[in-house]
Every structure is written in C-alpha cells, then in structure tokens.
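Each chain is listed here by its residues.
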Amino acid sequence: MSTTVAGSHAHSHAPSQGIGAFLRTYVFSLDHKVIGIQFLFSTLLWFVVGGLLALAVRWQLAWPWSDMPIVGRMLFSAQGGQISPEFYTMLFTMHATVMIFFVIIPILAGAFGNFLIPLMIGADDMAFPTLNMLSYWFMWPAFVAMTMSFFVAGGASAGGWTNYPPLSTVQSASPGSHTGQTLWLIGLTFVGVSSMMGSVNYMTTIIQMRAPGMTMFRLPMTIWGMFITAVLQAFALPVLTAAGFMQLCDRLLGTGFFIPEGLYVNGAEAQAGGGQPLLWQHLFWFYSHPAVYIMILPAMGIVSDILTVFSRKPLFGYKPMIYSISGIAGLGFIVWGHHMFMSGMNPALGMTFMVSTMMIALPSAIKTFNWLGTIWGGKITYNTPMLFALSFVSMFIIGGLSGIFMAATPVDIFIHDTYFIVGHIHYVLFGGTAFAVFGAIYYWFPKMFGRMMNDSWGKAHFFFSFIFFNGTFFTMHILGTGGFPRRYADPYHFETFKHLQSMNQFMTICALGMGAAQIIFAVNFFYSLFFGPRCGRNPWRANSLEWSAPSPPGHGNFDSQPIVYRGPYEYNNPEADDDYYPQTTPPPATHGQSQPAPALAH
Amino acid sequence: MGKFWTLLFLLVPILGVLCFALAPGMNYWLPEDISEHGHQIDHLFMFCLVLTGVVFVATEAVLCWFMWKYDAQHNKEAVKYSHGSHNLEVIWTIVPAATLLFIAIYQMNAWADVKIREPDMPATVEVTGRQFEWRIRYPGPDGQIGTLDDIHTVNDLHIPVNEQILLNLKSMDVLHDFFVPHLRIKQDAVPGNTIPMWFTARKNGTYDIVCAELCGWGHYKMKGRLTVESAEDYKAWLDKLAQDQKATQ
Ligand code: HEM
Ligand SMILES: [Cu+2]
Ligand SMILES: [Cu+2]
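Sequence lines, in order, name chains E and V. Numbered according to our numbering, the first sequence spans residues 1 to 602. Numbered according to our numbering, the second sequence spans residues 1 to 249.
Calculated from the structure, these hints are not laboratory results. Possibly wrong hints are sitting among the right ones.
[Unchecked claim] Sample of chain E residues with no beta-carbon within 10 Å of chain V, all distances over it, derived:
#	residue
1	V48
2	A127
3	V170
4	Q208
5	L278
6	D490
7	R541
[Unchecked claim] Derived lysine-lysine pairs resembling DSS-like cross-links, with alpha carbons at most 30 Å apart:
#	chain 1	residue 1	chain 2	residue 2
8	V	K240	E	K319
9	V	K223	E	K459
10	V	K221	V	K240
11	E	K459	V	K3
12	V	K221	E	K498
13	E	K459	V	K69
14	V	K223	E	K498
15	V	K170	V	K76
16	E	K319	V	K80
17	E	K459	V	K80
[Unchecked claim] Now the in silico label distances, taken between C-beta atoms and shown as ranges:
#	chain 1	residue 1	chain 2	residue 2	range
18	V	L241	E	F150	45 to 53 Å
19	E	F150	V	S85	30 to 38 Å
20	V	E163	E	A348	26 to 34 Å
21	V	H152	E	E495	47 to 55 Å
Glycine included, each C-beta is placed from N, C-alpha and C at the ideal position.
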C-alpha cells in the first residue's frame, strides 16, 4: 500500500512540561499544522462575525428603519433599536472587509495553505517556520484594530471595502472617516504583511522542499492553486500596501496624493490638494483584481482534488488546468480597469480593459469544461465534500457568466454599482469559494483531527445552505436588472425601486435561513472534534501524500521520507490492484526490490 | 441518493431560467427606456443574456446528466481511465476564445456612442454632486455656464424632449455618480474633473436621478428628479426660474 513504515507513531514531541511547553506547542507553535488550525479557528470565528453583519444589512433592506428584534435594543438603544444610516454604511463596509480580509483570504492561504502544503508535497514543515508563526500572529493586530474601530468616536470605517477617497480620506466627509478609517488602514497593512510572509514561505516551500520524485507536474491542483496565489500575492500586495500608506499620509500628515484642489467637504475646505482620487482606484484594483483570484484559485484546486477522489477518476486535462490558472494569474494583472469603467477614466482605455477582461473568462471556461470532463465516466460518491465540490462548479458557472455582462462596457453602464454586481461577487465568493471551503473542511477534517465529521448532518448543512444561498443571491441579478443600487440604506423612497421591497424581504428570509443552516455545521464540527468516529490514515482511499501520514500527523508529518512515483490522480489505473494508486506506492516492477530513490526533483 | 442530489442541482438551471423568464412580466426588469441610445444597451444586455443563458443551461444540464448517469450506486460501467483529450481542449479553448472576442468587439460601437463620440456643442447644463444633493446650473441669457447670470436649482433637472443634451458633471466634495436608470446613463462625478455626458430623451415625464457611487451616510437619499418636457414648457420653466432668482437677489 504505502512505502512508509507504519507503526512507530510520528508523534515525537520532546518530553516537555509546564506552561512554557504548552505555549510552544499550541500557541506560539512553529508547526505548520498547528498554525493552519489556528488560522482555521480564527477565520471561522470571523466568519460568524461577518455573517451577523450581513444579516443586519439584510434586515435593513427588507424592513428599513424598523426595530430589529432582540439584538436591536442591545446594539442601537440610542436609535430605539433601529439601524441608523451611518451605522448601515459601517455594516456593509465591515461585512465585506471581514469576509475578504479575515475570512476568505486567510482561510484559503493561512488555514489550508499552511496545513496542506508540506503534507501534500512530502515535506516535514514549511521552509521558514518562524516566519510562518509570525504570519499568524500578525493577523492579531489587524483583528484588534478592526474590532476597536467599532468603538472609537465616529465608529468603524464607512467607505465601503473599496474605501475610495476623498470619502475615506477627508475626515469631515463621513463619521467613519475619523479614527475608524485609520484603524482600517492599519488593520489592512497588518493583513498585508501577514499575507506577504505566507506568500514568501509558500513559494519557497513548494519550489525547494518537494519530496524526491515530486516534480512540479506531479503536484496536486490544490498546491498549484496555492502556488499561483502566492505568486499573485507577492506581486500585487506591495501596491496595496503602498496605496494604504499613501492614504494614511493623506489623512495624518497632510499630503495630497488623492485629494484634488479646491475640495469643499461638509462646509469645510479640505487642506492639501493637487492629488487625484482616481489614483487610489487604480492602485487599489491593481491589487484587488488579482486578489479576487487569490480568493478563488486555491478553491479551484481544492475542488479539482475532491472531484477526482469521489468520482474515482484521473483529473481531466491536468496540464490545461495548470496553464489556465497560470493564464488567469498573468491576465489578472491587466484587467483591473474593469472596475473603473464608470470612474471617469479615459473611456478609450475602458475598451482595452473590456477585451482583456473578456479574455480572462476563457481560462475559467476551460477549467469548468475540465471539471465536467473529470466526473464524466466516473463513479460518483455523494458525500458532503463531493456535494460542496459539485456545487462549486454549478455556482461558479453562474458567477463566471455574470462577469461577462459587466465586462461588456455598455451593459455595465446600467448594471455597475447595482445589485447585479453584488450577485456576481457572491456567486464567485460564496457559492464558489466558501462552498469549496466547506467541502475542504469536511474532506480534510479527518486528517486534521483524526476523526470523521458526521455525513448526514453534513448533507443537511449542504442542502439548506444550497437552497437558501440561491434564494438569497440569484434574485440579486433580477434586482440589478431593475437598476437597484448597492450600498443604499433605503432605496424604496425612489419611485423606480419601490416595487422591489417584497423581493428583498424574500431574500432576507432566505439569508436568515442560510445563517441558521450554519448552526448545523457548527454543531457537527465541534461534536465531531471530540466524539467523531476515529478514522485511519486514508478514509477516502485517496492518492495524495497527506493520506499516507498518520491522522493527525505528528511533528515532522511522515513516518519516513515519502518517495513519489506518479501524479496524484491515478484512480482506476489498470496497473494498480486497487481503484486508487497512492503517489508513494512503487510501480509493480519494483515490488519487493530495493530501488534507488528517484532523484530530488528541482 | 445520487438521483435526489441531481434533482436538487437541476433546480438551478430550471429556476434560474424561470426567474429571468417571469421577471419582465412582473415588472422586475429593466425600467422603461426613454433615451435615444438606450436600445443599444438593452439589446446588448439581451444579447449577453441569451448567449450566457444558452451556455448556462447547457453546462448545468451536462453537469446534472453526468451526476445522474455516473452515480456509483447505479453505474455498472467501468470507470473511464482517461487523463483528458487534446482535441477537446483545443475545441473548448478556441470556440469560447472566439466567442468572447466577438462579444468584446460587438460592444465597442455602443460604448463609443455613449462615452467617446462627444458632440461638438456648448453644454446645456452643469450638474455638481455634493453631500447629499445635486446642484444644477443652467446658462443664463449669455449662453455660458460659470457667469453671474447662471440659473440655479437643486435636485430638479429639466430637459427638453428630443433634443440632444450635453451635461457637464462635477463634484464639490467626494465621489458621486449620476445615474438615470430610464436614460441608461451612468457616470461618476469626480472632484477636480469635469466629465461630459450626452444623451437625448424621447419621452415626457419625470424620472429618478440616483446616486450610484457611495458618498457617505446619506448616499441613499441623494435623490434628484429629472423632468423631460416639451421645448416650450422647458423654456417657460427656465424663464420662471430666472425671474424668481432675480426677485430674490
Ligand atoms: C469569469 C471571469 C470574471 C469576469 C469576466 C469578471 C468581471 C468582473 C467585472 C467587469 C467586475 C466589475 C463590475 C462593476 O463594478 O461594474 C467584477 C466585479 C467583481 N468581481 Fe468579477 N469577474 C470574473 C470572475 C471573478 C471571480 C473569480 C471573482 C472572485 C473570486 C470575482 C470577484 C469580483 C468582485 C468581488 C467584484 C466586485 C468588486 C466591488 O466592486 O466591490 N470575479 N467582475
Ligand atoms: Cu476584477
Ligand atoms: Cu451617493
């Protein structure tokens, strides 16, 4: 089955006692698995926070200015239990900020990247364990800054997650532009530094520390997704960090990068001048467009892996998949202007961005066809990870196709900054990435904790999430087609949008249902953590390297240095006795013989 | 169980298409187009809708078909041990690439009409966004905006029907966005810049002006009214405004 010598448990913690040892093992651990699990718990916690913020937004859109039941009195007693318009702007700003910077990006790279990269490439840890630990702890100043910002005078940042100046830069422009915005920028910088540390580490680890025989073209797609993501981070993040500092300087030091001459805000003349608000948008999207791929490429990899395992088939078009994500990474740097078609940027430039944006839909299409090719002719097992992976494909089709409407510049004239965009975002990020993440949790939970999650509860979680997700978000495309604007606390006093309130009420009810469905997940997660049935090393009969390590793997991961003989997708290979063929199983000719280990692949 | 899940997934294309098929009849649709150029945008929207609709239904149907057919519980065929197909990859690269390129080129003329081919004429009106209102300025008798005889209003924009309008868009403070859904026009107002917009309205009535770029806590109430009226009514309205303004000076 496997070349690794079972038996001696790889747990080889040095005998240790006391609080210092506890801290070193579970808190300031250098072990990539512990760090990954720390990221997982932190991001899941923030997922709850972000979700509650979203439900508050939905409450306001369904029943504006009405008392929020139960929590309203606690939170907004000053307004008699209602959401104020100022607070509404903070709600959607912080919802998106939390979800993007505290949930999606760190759960993919931080949690799964950390946990999986060494295990899937056959390494005993990351290249730079201390840097790795720091990348987790640098999230904490960001967590603290963002949390604090709700309690400072003026409240949290209120300029939307995109935080365009001058609104975000000139302090008199909005209550959230006081201390809240400064804290937002500081938080963002820390997240950036954390991601950068991760990125350097992931690139180095994947390039330098692969097991013997593990060539680049034998890496599982999950690792390819993480690798390309790390490259994107490395090249795009410095731009965002620089832009953040420029905004900080505008706010605190009186520079004028983004503040034009003669600005007159809220009865007061803004001081500096000579800047250009559009500059921020260029810099912000130069990062944030690649960032949307940072938020999905690892998920695409995860889905590719889950689909092969549960259809018992090789991945269809492995290399085209890799070329596609590399193409996405390259094109991803020349499409940022599609967020700025209406911004006042030269409209001729808009045309070039339209062409490049259309072309970036191509690799997404290729990947979708290859996923369909993967399940074609297989034997599909319908368990929870597989259902989430399949739903990723189904939902990503919608998100990818709605992108085409917005890339079409004339159509974007109508739908830009309407709920159509909100629909698109959520189909790619929630129906796409978040569903893939759920799949990943169900799939790798046994490896992380040595126990299985309950599959029936998992299916119930999937069923309700899937139904309510579509109920909440598909209708957003219809709202957008009606011109319904985004970031509005109360659109119904416009003649044009009055009739859309009942649809919003339907969506809010679905959103509440979706929130409730997550309780099933939480219960299952914590119950299984302690009482789930123990699993062996390889409960899914999967090929990739992590399944040859103990569950959970001890310090150093593998019993002995794994040696890799083939790619990760050899399911139903006629050469193998079984319907799977682990990467570490030697080919039959070498059975029983002592073979020289393949050379280290670099 | 595979059959059950397939049916659940099948709901996506079925209800998705149903949503879009029923929405227009229930008035959940593009608001009435009253502009001269809007039909191009609506046409392109429908073009994208039909094209993506076909791809959507086809890919979701294939997904469901495979889910149904290759359910491990029923599928007795051996697993197809295949790593892909070079020919298929070439086909499904070239066909979508050509289609996407075509879509892009097909948009260009409409975009140029609305945003690039600026008419050579003096500005009809200047609109300036400000937290949280639209300040509107017409040229006075001298035909020039920016002189002492300008005529001012707030949130109340009138234009003559069937005449081309050139509107100069500005902002005093933060970003705003001048969006008139019925006219199919949208443009950010950027402080420091003056951005021209041009359009022709073809139907009398009053319509909403919507701010479509977040401008602060009062963004949602930054509402203007656009009145499209006959040339005579427009002239009369403007004259009355000029007189009222003189009277208060
Ligand atoms: C199939 C390829 C895609 C195309 C052609 C596409 C196109 C676009 C366009 C043109 C916009 C700007 C629309 C506007 O503001 O008017 C946009 C917005 C957005 N897209 Fe995509 N997109 C694609 C895939 C993705 C993916 C994979 C993600 C994330 C995983 C994503 C996330 C977003 C987000 C978050 C926004 C909104 C940003 C904001 O304004 O807050 N997109 N997309
Ligand atoms: Cu983008
Ligand atoms: Cu506004």
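Open item on the list: Checking each numbered hint in turn, tell me which of them this model violates, lowest number first.
Closed with: 3, 5, 6, 8, 9, 15, 19, 21
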